[in-house]
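Enquirer: Counted from 1, the sequence shown has number 63 at position 63 by the numbering used here; the numbering is strictly sequential.
Everything labelled a hint here was simulated from the structure, so no lab data went into it.
Warning: the hint list may mix true and false statements.
Lysine-lysine pairs mimicking DSS-like chemistry, simulated, CA-CA at most 25 Å apart [unchecked claim]: (1) Lys148 - Lys184; (2) Lys186 - Lys27; (3) Lys184 - Lys27; (4) Lys27 - Lys148; (5) Lys74 - Lys148; (6) Lys145 - Lys184; (7) Lys146 - Lys74; (8) Lys74 - Lys145; (9) Lys146 - Lys184.
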Amino acid sequence: MLFNSFEFLLFLPIVFLFYWFVCRNRKAQNILVVVASYVFYSWWDWRFLFLIALTSLFSFASGLSIEHSEGQRKRQRWISAGNIVANLLILATFKYFNFFADNIEAACGAIGLHLDKVTLDVILPVGISFYTFQALSYSIDVYQKKIKATHDIIEFFAYISFFPQLVAGPIERATNLLPQFQQKRKFDYCLAVDGCRQMLWGFMKKLISSSIY
Numbered sequence: 001m002l003f004n005s006f007e008f009l010l011f012l013p014i015v016f017l018f019y020w021f022v023c024r025n026r027k028a029q030n031i032l033v034v035v036a037s038y039v040f041y042s043w044w045d046w047r048f049l050f051l052i053a054l055t056s057l058f059s060f061a062s063g064l065s066i067e068h069s070e071g072q073r074k075r076q077r078w079i080s081a082g083n084i085v086a087n088l089l090i091l092a093t094f095k096y097f098n099f100f101a102d103n104i105e106a107a108c109g110a111i112g113l114h115l116d117k118v119t120l121d122v123i124l125p126v127g128i129s130f131y132t133f134q135a136l137s138y139s140i141d142v143y144q145k146k147i148k149a150t151h152d153i154i155e156f157f158a159y160i161s162f163f164p165q166l167v168a169g170p171i172e173r174a175t176n177l178l179p180q181f182q183q184k185r186k187f188d189y190c191l192a193v194d195g196c197r198q199m200l201w202g203f204m205k206k207l208i209s210s211s212i213y
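Please construct the entire structure, taking both the sequences and the accompanying hints into account.
Expert: Take a look at the structure:
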């Protein structure tokens, strides 16, 4: 689902209305954000939902483990490093596997060694770099004691999968975005109008740039 598509033009107002006028408390709003974000992402390919869920689980669990290992700095370092390695392996597999496989095959062919094609034609999941590094930034911030580990898995999943910046960034640090899911929100008409104005302006710029290029 593209931001400048007809589907998103219907999707966003529906989510907005449910968020403010149906979901009356913070927990319900966070659940809606997670559900809406996963629906948004699955519009491209539902099979890759398990990747974002797995990445989220790794970092959520690492944050709790780091917190429970308070006073054991070496153990915390290993937990943080393990989470980084696990998430980067997932990212590297889907982002760079075909690149290395094709180049190894080409290099061997140049010296007369003909290998069977080993590439699996791995599809690159949309936004995988953004949500991977966002998840990593959380566990690193917990390790560096810049933020406390969250015990609410729903608000953490909402932070990682937040659909307005899921596939195009920017990468939001947990110190900035996560606390917003932990606070009670109140509808502000002036802010809503200003936000709609900015989105419409961005939408027009996207349409114009797309038509030019």
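Enquirer: Would you mind marking each hint as holding or not holding in the structure?
Expert: Here is how each hint holds up against the structure:
no., hint, verdict
1, Lys148 - Lys184, "holds, 18 Å"
2, Lys186 - Lys27, "holds, 13 Å"
3, Lys184 - Lys27, "holds, 9 Å"
4, Lys27 - Lys148, "holds, 19 Å"
5, Lys74 - Lys148, "holds, 18 Å"
6, Lys145 - Lys184, "holds, 24 Å"
7, Lys146 - Lys74, "holds, 18 Å"
8, Lys74 - Lys145, "holds, 14 Å"
9, Lys146 - Lys184, "holds, 22 Å"
Checked against the numbered hints above, the structure breaks none of them.
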